[in-house]
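> Given the sequences, and given the hints that come with them, work out the whole structure.
There are 2 protein chains.
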Amino acid sequence: MTDDPVLLTGAGGRVGRAILDGIGDAHEWRLLDREPISRSRLPESVADAERVIGDVTKPATVREAVRGVSTVVHLAGDPRPEAPWESVLTNNVDGTQTVMAVAAEAGVGSVVFASSNHAVGAYETEERTPEMYRASDEFRLDGTELPRPSNLYGVSKAAGETIGRYYHDSQGLSVVCVRIGNLTQGHPPRNYERGQAMWLSYRDCAHLFDRCIRADYDFEIVYGISNNERRYYSIERAREALGYDPQDDSAEFHLDGSPR
Amino acid sequence: MTDDPVLLTGAGGRVGRAILDGIGDAHEWRLLDREPISRSRLPESVADAERVIGDVTKPATVREAVRGVSTVVHLAGDPRPEAPWESVLTNNVDGTQTVMAVAAEAGVGSVVFASSNHAVGAYETEERTPEMYRASDEFRLDGTELPRPSNLYGVSKAAGETIGRYYHDSQGLSVVCVRIGNLTQGHPPRNYERGQAMWLSYRDCAHLFDRCIRADYDFEIVYGISNNERRYYSIERAREALGYDPQDDSAEFHLDGSPR
Numbered sequence: 009m010t011d012d013p014v015l016l017t018g019a020g021g022r023v024g025r026a027i028l029d030g031i032g033d034a035h036e037w038r039l040l041d042r043e044p045i046s047r048s049r050l051p052e053s054v055a056d057a058e059r060v061i062g063d064v065t066k067p068a069t070v071r072e073a074v075r076g077v078s079t080v081v082h083l084a085g086d087p088r089p090e091a092p093w094e095s096v097l098t099n100n101v102d103g104t105q106t107v108m109a110v111a112a113e114a115g116v117g118s119v120v121f122a123s124s125n126h127a128v129g130a131y132e133t134e135e136r137t138p139e140m141y142r143a144s145d146e147f148r149l150d151g152t153e154l155p156r157p158s159n160l161y162g163v164s165k166a167a168g169e170t171i172g173r174y175y176h177d178s179q180g181l182s183v184v185c186v187r188i189g190n191l192t193q194g195h196p197p198r199n200y201e202r203g204q205a206m207w208l209s210y211r212d213c214a215h216l217f218d219r220c221i222r223a224d225y226d227f228e229i230v231y232g233i234s235n236n237e238r239r240y241y242s243i244e245r246a247r248e249a250l251g252y253d254p255q256d257d258s259a260e261f262h263l264d265g266s267p268r
Numbered sequence: 009m010t011d012d013p014v015l016l017t018g019a020g021g022r023v024g025r026a027i028l029d030g031i032g033d034a035h036e037w038r039l040l041d042r043e044p045i046s047r048s049r050l051p052e053s054v055a056d057a058e059r060v061i062g063d064v065t066k067p068a069t070v071r072e073a074v075r076g077v078s079t080v081v082h083l084a085g086d087p088r089p090e091a092p093w094e095s096v097l098t099n100n101v102d103g104t105q106t107v108m109a110v111a112a113e114a115g116v117g118s119v120v121f122a123s124s125n126h127a128v129g130a131y132e133t134e135e136r137t138p139e140m141y142r143a144s145d146e147f148r149l150d151g152t153e154l155p156r157p158s159n160l161y162g163v164s165k166a167a168g169e170t171i172g173r174y175y176h177d178s179q180g181l182s183v184v185c186v187r188i189g190n191l192t193q194g195h196p197p198r199n200y201e202r203g204q205a206m207w208l209s210y211r212d213c214a215h216l217f218d219r220c221i222r223a224d225y226d227f228e229i230v231y232g233i234s235n236n237e238r239r240y241y242s243i244e245r246a247r248e249a250l251g252y253d254p255q256d257d258s259a260e261f262h263l264d265g266s267p268r
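Read top to bottom, the protein sequences are chains A and B.
Residue numbers for the first sequence follow my numbering, so the first one is 9 and each next one is one higher.
Residue numbers for the second sequence follow my numbering, so the first one is 9 and each next one is one higher.
Honestly, I wouldn't trust all of these hints.
[What the hints assert, rightly or not] Quick list of simulated restraints, FRET-style, between CB atoms:
{"id": "1", "chain 1": "B", "residue 1": "R136", "chain 2": "A", "residue 2": "G115", "range": "23 to 29 Å"}
{"id": "2", "chain 1": "B", "residue 1": "I61", "chain 2": "A", "residue 2": "R88", "range": "34 to 40 Å"}
{"id": "3", "chain 1": "A", "residue 1": "E134", "chain 2": "B", "residue 2": "A68", "range": "32 to 38 Å"}
{"id": "4", "chain 1": "B", "residue 1": "A114", "chain 2": "A", "residue 2": "T152", "range": "31 to 37 Å"}
{"id": "5", "chain 1": "A", "residue 1": "R88", "chain 2": "B", "residue 2": "E135", "range": "40 to 46 Å"}
{"id": "6", "chain 1": "A", "residue 1": "A143", "chain 2": "B", "residue 2": "A68", "range": "21 to 27 Å"}
{"id": "7", "chain 1": "A", "residue 1": "P89", "chain 2": "B", "residue 2": "Q193", "range": "44 to 50 Å"}
{"id": "8", "chain 1": "B", "residue 1": "S144", "chain 2": "A", "residue 2": "E72", "range": "35 to 41 Å"}
{"id": "9", "chain 1": "B", "residue 1": "E135", "chain 2": "A", "residue 2": "T152", "range": "28 to 34 Å"}
{"id": "10", "chain 1": "A", "residue 1": "A143", "chain 2": "B", "residue 2": "R247", "range": "37 to 43 Å"}
{"id": "11", "chain 1": "B", "residue 1": "D33", "chain 2": "A", "residue 2": "Y225", "range": "52 to 58 Å"}
{"id": "12", "chain 1": "A", "residue 1": "Q193", "chain 2": "B", "residue 2": "I61", "range": "50 to 56 Å"}
{"id": "13", "chain 1": "A", "residue 1": "P89", "chain 2": "B", "residue 2": "S144", "range": "23 to 29 Å"}
Calculated directly from the structure, the hints in this document are not laboratory data.
None of the values given here were measured: they were computed from a predicted structure.
Even for Gly, the Cβ is constructed at its ideal location relative to N, Cα and C.
Structure below.
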C-alpha cells in the first residue's frame with residue numbers, strides 16, 4: 009500500500025462506476041478505458057483523475073498505463089455473459105494475459121482481477137436448483153473448487169484466474185481474483201432468487217475492491233457478494249484474506265426488491 | 009464405443025506416435041495433422057488410415073474431420089513448454105475450443121484431451137522439491153486441485169480443460185483430460201528424478217488412451233503416468249474412471265536409465 013496511483017482498467021463500466029462512486033476519494037486513480045469517459049459520467053471525487061484511452065490487448069498501451077502504478081484493478085473485458093468466443097478470447101483472455109504480463113514485468117505489486125460467478129455457473133445443476141438459492145440450503149462454493157463455467161465468458165474468466173496464478177507463481181505478482189456476483193445499485197435484482205443469493209451491493213463492491221487494493225496477499229480467489237442470508241458462495245476467504253466486512257444483505261429486501 | 013473411426017488430431021506428433029504404435033490396430037483411425045504425415049512414419053497397422061491435412065483452429069476443417077466420428081483424441085497444439093503466448097493462445101486455446109465446439113455440435117460422443125503436467129507444474133515449489141520426486145514423499149496431486157501452470161503452455165492446457173468442462177456441462181459431451189507426464193520410449197528420462205517420477209512409457213500411454221476411447225465417463229481429469237513407485241501424481245482416478253492398468257514403473261530402471 010503506497011500513494012502511487014491505482015490503475016483502473018475498464019473504468020467506464022458498471023463495476024468501475026460502483027468502485028469510483030464508493031472509494032473515488034480513497035486513492036489516486038488512473039482510469040483506462042477503450043472509449044473516452046466523459047467527465048459528467050464520473051463522480052466528483054475523480055473528475056480530475058488521469059484518463060487514458062486504449063485497449064488492454066495492446067502491450068504498449070498497458071506499458072504506458074502501468075508506469076508508476078503499484079496496484080492494477082483489472083476490470084476491462086467484454087462483460088456480456090453471452091459474448092461470442094472470438095470476443096472473449098481476445099478481450100478477456102488475451103487482454104488479461106497482457107495486463108498481468110506487463111504488470112509483472114513493470115514491477116507492479118498487485119493485480120486485482122474482476123472474475124465472475126459465470127466461471128462457476130455450471131455448479132448450479134438442475135438437481136441443486138432452486139434449493140441452493142435459499143437460506144436452508146448449505147451448499148457453498150469457496151474458491152477452491154475447479155471452474156465450471158456456464159458460458160464462454162465464464163471460460164474466459166476462469167482462464168484469467170489461471171493466468172493470474174501463473175504470474176504469481178513465476179514472478180511474485182500478488183493477485184486476487186474476485187468472482188463478482190450480481191452487482192446492482194440500491195436493491196437486489198427483483199424477483200430473481202438466484203440474483204438475490206449472489207447480490208453484491210454497490211457499497212459492498214466498493215469496500216471489497218478497497219480491501220483488495222490495501223490488503224497483503226499472495227494469490228487468492230474470493231467471491232464478491234454481500235452478506236446475504238441466502239447464498240451459495242462463501243465469503244469466508246474474502247473476510248480472512250482481505251478483511252472484507254460487507255454491510256448489505258438481500259434478505260433485507262422483499263423478493264420484489266422493495267425494502268422490508 | 010462403436011466401430012466409427014476415431015479422429016486423432018496432431019497425429020504426427022510424439023504422443024500420436026506412441027498411441028498408433030501401441031493401439032494402431034485396435035481402432036479405425038482418421039489422422040489429422042497440419043503437416044502431411046508420410047506413410048513411412050506410420051506403423052504398418054495404420055498405413056492405410058485416412059489422413060486429413062488441416063489446422064484445428066479452422067472450424068470448417070474440423071467439421072469435415074469429425075464427420076461420422078464418435079470419439080476425438082485431441083492432441084494437436086503447440087507442444088513446446090516454452091512456446092510463446094501468441095502461439096498457445098491460437099493453437100492450443102482457440103484450437104481446443106474449436107475442436108470441442110465442433111465435436112459437441114456434430115454429436116461426437118467423447119473428446120479425449122491431451123493436457124499436460126505443465127498445467128500444474130508450479131506445485132513443485134522449492135520447499136517441496138526434490139523430496140516430492142522420491143518414493144518416501146507422500147505429496148500427491150489427484151486432478152481435483154486448481155491449476156498452477158509452470159509456463160504459458162501450461163496455462164493453455166488448463167484453459168483447454170475448462171473448455172472441456174464447459175462443453176460437458178452445457179452440451180453433454182463426454183470429456184477426459186489427460187495430464188500427460190514425461191513420455192519417453194524404452195526407458196525413463198535419464199538422470200532426471202522429476203521426469204522419472206512422472207514417466208509415461210509408450211506402452212502405458214497407448215493403453216491409457218485406449219481406455220479413454222473405450223470407457224464411459226462424464227468429465228474427468230486424470231494423470232497420465234506409468235505405475236511409478238516414485239510419483240507425485242495419483243493414478244487412482246485413471247484406474248477407477250477408465251480402468252487404466254499401467255505395466256511400467258521407472259523404479260525398474262537405474263537413475264541413468266539402464267534396466268535394473
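> Now, for every hint given, state plainly whether the structure supports it.
Verification of the hints:
no. : hint                        : result
1   : B/R136 - A/G115: 23 to 29 Å : 27 Å, holds
2   : B/I61 - A/R88: 34 to 40 Å   : 36 Å, holds
3   : A/E134 - B/A68: 32 to 38 Å  : 34 Å, holds
4   : B/A114 - A/T152: 31 to 37 Å : 35 Å, holds
5   : A/R88 - B/E135: 40 to 46 Å  : 42 Å, holds
6   : A/A143 - B/A68: 21 to 27 Å  : 50 Å, violated
7   : A/P89 - B/Q193: 44 to 50 Å  : 46 Å, holds
8   : B/S144 - A/E72: 35 to 41 Å  : 52 Å, violated
9   : B/E135 - A/T152: 28 to 34 Å : 20 Å, violated
10  : A/A143 - B/R247: 37 to 43 Å : 41 Å, holds
11  : B/D33 - A/Y225: 52 to 58 Å  : 54 Å, holds
12  : A/Q193 - B/I61: 50 to 56 Å  : 55 Å, holds
13  : A/P89 - B/S144: 23 to 29 Å  : 48 Å, violated
The structure is inconsistent with the numbered hints 6, 8, 9 and 13, although it conforms to all the rest.
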